[in-house]
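Asker: The lines below spell out each chain.
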Amino acid sequence: MKTVEVRELVKTFDGHLRRTRRGGGDVVRALDGVNLAAEPGEYLVLLGPSGCGKTTLLRTIAGLEHPTEGEVLIDGQVVNGLPPRVRQIAMVFQSYALYPNKTVRDNIVFPLRAEKAPRETQESKTRWAAELLGIGPLLDRKPRQLSGGERQRVALARALVRDPAVFLLDEPLSNLDAKMRATARDELKRFQEQVGTTTIYVTHDQAEAMGLGDRIAVLEKGRVRQVGTPVEVYDDPADTFVATFIGSPPMNLVRRDDRLVGFRPEHLLPVENVPHDARVTMDLRVERMEYLSGDRHVYGTVTGLGEDTRVIARLPATITTPIRAGEAHGFAVAADRLRFFDAEAGTRAPAVPIGKP
Amino acid sequence: MTARRREGVPRAGLADREGFLAWAMLLPSVVYIVALVGVPFLLAVAFAFSDVTTGDPSYDFVGLRNFTAVFDDGVFWRSLGNTLLFTTSAMVLIVVFGKILANILVADFRGKWLVRFLVLLPWTTPVALSTISWLWFLDSIYSPVDWVLRRLGLIEGNVVWLGDPGTAMLSVVLVQTWRLTPLAAVIVMAGLVAIPRDLDEAARIDGAGFWRRMLEVTIPLTLPVIAVAALFGAIMTFTDMTVSYVLTRGGPTHATDVLASWAYFRGIEGGDVGQGAAIALFLFPILLAGAIAILRAVRRLEAQ
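Protein sequences appear in the order of chains A and C.
Every letter in the first sequence is one number past the one before it in the working numbering, and letter 221, counting from 1, is 221.
Each number in the working numbering comes from the position in the second sequence (counting from 1) with 1000 added on.
Incorrect hints may have been included.
[Said to hold, decoys possible] Partial list, derived from the structure: chain C residues whose beta carbon lies under 10 angstroms from chain A:
1. Leu1199
2. Ala1203
3. Gly1207
4. Glu1216
5. Pro1220
6. Glu1269
7. Gly1270
[What the hints assert, rightly or not] Here are the simulated lysine to aspartate or glutamate pairs, DMTMM-like style, with alpha carbons at most 20 angstroms apart:
8. Lys142(A) - Glu1216(C)
9. Lys102(A) - Glu1201(C)
10. Lys142(A) - Asp1200(C)
11. Lys125(A) - Glu193(A)
12. Lys102(A) - Asp1051(C)
13. Lys142(A) - Glu1269(C)
14. Lys1112(C) - Asp14(A)
15. Lys142(A) - Asp163(A)
16. Lys189(A) - Glu171(A)
17. Lys102(A) - Asp1200(C)
Just so you know, these hints were derived from the structure itself, not from any lab.
The C-beta atom is built at its ideal place from N, Cα and C for all residues, glycine as well.
All chains should be modelled from the sequences, with the hints used to inform the complete structure.
Answerer: Structure follows, in structure tokens:
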């Protein structure tokens, strides 16, 4: 069992070589002081919007990019200067990057041949990986004769054969159609539990992140905003970015003096559905309704909590209170469901009493 | 009808008619090929069976007499052999150096614009001009190459590059290689750039070193393009006479005569247009066979 750790990782890209040499230049800080560690056997998901640096972080761990500052540790050793091949890592690319000129078998065996494993090992490992992923009958095909899902499994098998210290997966599901994605997600998770290898998984899809990750690291603009289990990042977001990035629809934020009061749409319910001993009530001017897979999404402007703000409430099918657009309705949130953020910095702040039970 | 047109209903113009467009676009090149390739080719075939000379341009059919005369001439066979040797060795060198240069062209390093410029320079210089500077480079007395080699203590006296049959051929091959390598490099570079970067990175992560990546990933994926570069190199060398004409005028004693230059010496300078045409016709079937063979190889590779 091995762990991966990065310390104070900074990676900058020069915008334009010639302009930078002249002094000016636009330097992009893709990673801006990242500290992160994956525990042995853990499934760590890097989640963030596009351009947040998550892929750069993965590529830096792999050794495809050299960090500008900071350290990458694999198994407790600094691997900064080392090329990818001595890092004992395996990576599955977004495009799968199968060698189109080689058969599936040759693709899978390639890493073993590169490390000059004995021929018997090569054969037995290839068979083992192919069986584990159910691609035994495809071994003599070329990659272009495979479907997207099959290609993904071949890429996994190729990553698997040489017992890597860590799996790096770069959005491996994004090239699959929606239906395949759900089954492939399930397979990926079961597969990782089976082999028990530390896995770092990059995605911009929060459903994948919540479903797969033991822990999720939310990144934005080259910084780690929060690391935690899916429950933690969802229920206790560290700042307003995490609060609004995770969750669909996102957390509602209402400004009240120097605080932002946050609550999830599913906790904003018609007033009679919230126990009245510890609740905060507010009026909602309903503007629009959506009926989505059994839930009612109510769009409206909330008044009486702080500044008038547009919010969304998500009413489960079990709540049948009649609500119509254009009307005002009493809503409430259980007090322990409220989260408070500093209005300037966006970070979590101590709760302030809201005196309207 | 007129009323409708005035209302501005869009109508298909001449430029929307694909049949017309196809003809309009193709016509210039068809005219060009017919006038400058087709007609001269047929003329050459006609001349090969005639007794036309520069002194007596009247056409008389003489059957295969020119061909028997050409076959009986040892110089023809020598120049045919020279052509094959010249073409194969230049082609191999062009492809090898072209591949290496292509790798340099796609690499990312400081001052690469200068290197790119220098690499492409031989290609952009007019052949006759650059060959003349090579003539000076390989001069029997004032050769700077010899001077350097002498200073390094590698040779005693001057190598008379163009005077000895062996070194003359070597010089012609090397100058031709120098001239066409940039073209091959640019062609191969186009192939290299088309390889997804992921593949090379995947191979890196899979633990493959430089040579394994080169031999098992890069070269197999660029083979069709390399074949195209080889085809270009071969054809441009096979039909070329400039280098040997300017450097050695086919000498010494026909050691560097190729089919094209021998046809020129015979037909134009020697005045026997009929025999010159007969010699030149030998370029055609070999070129055709070579072109078909390489294009087939390309298609087979693409189908893989």
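Asker: Tell me, in ascending order, the numbers of any earlier hints that this structure violates.
Answerer: 6, 7, 12, 13 and 15
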